[in-house]
Amino acid sequence: MKVSVWKGGANGAFEEFEVPRHPSQTVLDVVTFIQRTLDPTLAYRYACRVGMCGSCAMTVNGVPRWTCRTHVDKVVRADRLQVGPLKNLPIVRDLVTDMREFFDKWARAKGQFQGSRTRSEDFDQVKPSSSERLQADAAIECIGCGVCYSACDVVAWNPDYLGPAALNRAWTLIKDERDSARLERLRAAAGDAGCHSCHTHMSCSERCPKHLSPTASIAGLKREVLKSLVRGEL
Amino acid sequence: MTPRLEMLLWIAQRASAAVLALCVAVHLATIIYAVQGGLTAAEILGRTRGNHAWLAFYSLFVLAASVHAPIGLRAVCLEWLRWRGASRDIALALFAAALAWLGMRAVFAVFT
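Residue numbers (my numbering), protein chains in the order written: chain F, 1 to 234; chain C, 1 to 112.
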């Protein structure tokens, strides 16, 4: 098959390689083959190879995907594949993007847990069946791959927008009964840079490899902000 | 603009959208009803002149549109023109005032 791979920085170009097909071959296998046998200068990022670490996301035939769990059979078109770096992130080189802004936005959305108990106090009890816990559970399995961020139109249009992953993280903490920074987090996750800029295009939910729905989390944040405003807390 | 004001703008846009959904439905139904058997200025004025119910309805319609449209344009200005900050918000506040003024002028023109 013919594989076009992005080479260079922002002003780079696609370079074509001929790669043999194998059964159960993943896109990451293809990129690894190119780097090991055809072009040792090719830069790309991966770690676990089993869909846990979130480091191998790339744009495959125009769509952001986790490459280690994407079979070539599923995405190849007319025996051609195009592999580029994730969109909406600065390119370091070839297939490697600079993820700093992506993770800085988690911090800006107050993505850090803040408890109120000391080590001398007993553990908080969170019932597995509680509504709050179930809502947090539905959003908690994010691996931070950046696929949603790359797929998001609003991130492309408004560089300040915190993006689906950071807002999804804020939502899981809003639903964490132990957390004590609810209002600060709602303030951080609201407004022009936050949940209120989401257009509900749902590209994040469509593309999330873990089948999470950041769109639902963002809608939840909007509801929580509204409730808190009505109560006069914000 | 503070985050609190941004949240309030979002709520104002959603609330005005709910009002507009009702107003547009009533407005369209009125058009469909009114054009049966032709439409004349005299017929329209006969319905609206001195009618306080229509005055209240169209005033609400105009004010909801004056709130709704500029807030939507605010996002369009940012996302398509990269225009943000005080200059954008002042321009849109003037646009909102112009919509309200022109709209209310039209409402009063068919009421009096």
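Bear in mind the hints are in silico, worked out from the structure with no lab data behind them. Small disclaimer: the values here were computed from a predicted structure and weren't measured. Just so you know, even glycine gets a beta-carbon here, dropped at the ideal spot from N, CA and C. It is possible that some hints are incorrect.
Some, not all, of what chain C presents toward chain F, calculated at C-beta under 8 Å [claimed, not checked]:
# : residue
1 : R4
2 : A15
3 : E43
4 : A75
5 : L78
6 : L81
If the Cβ cut is set under 8 Å, some of the chain C residues that face chain F in the computed set are [what the hints assert, rightly or not]:
#  : residue
7  : P3
8  : M7
9  : W10
10 : I11
11 : E79
12 : D89
Status of the hints after comparison with the structure:
no. : hint : verdict
1   : R4   : holds, 6 Å
2   : A15  : violated, 10 Å
3   : E43  : violated, 42 Å
4   : A75  : holds, 7 Å
5   : L78  : holds, 6 Å
6   : L81  : violated, 10 Å
7   : P3   : holds, 4 Å
8   : M7   : holds, 5 Å
9   : W10  : holds, 4 Å
10  : I11  : holds, 7 Å
11  : E79  : holds, 4 Å
12  : D89  : violated, 11 Å
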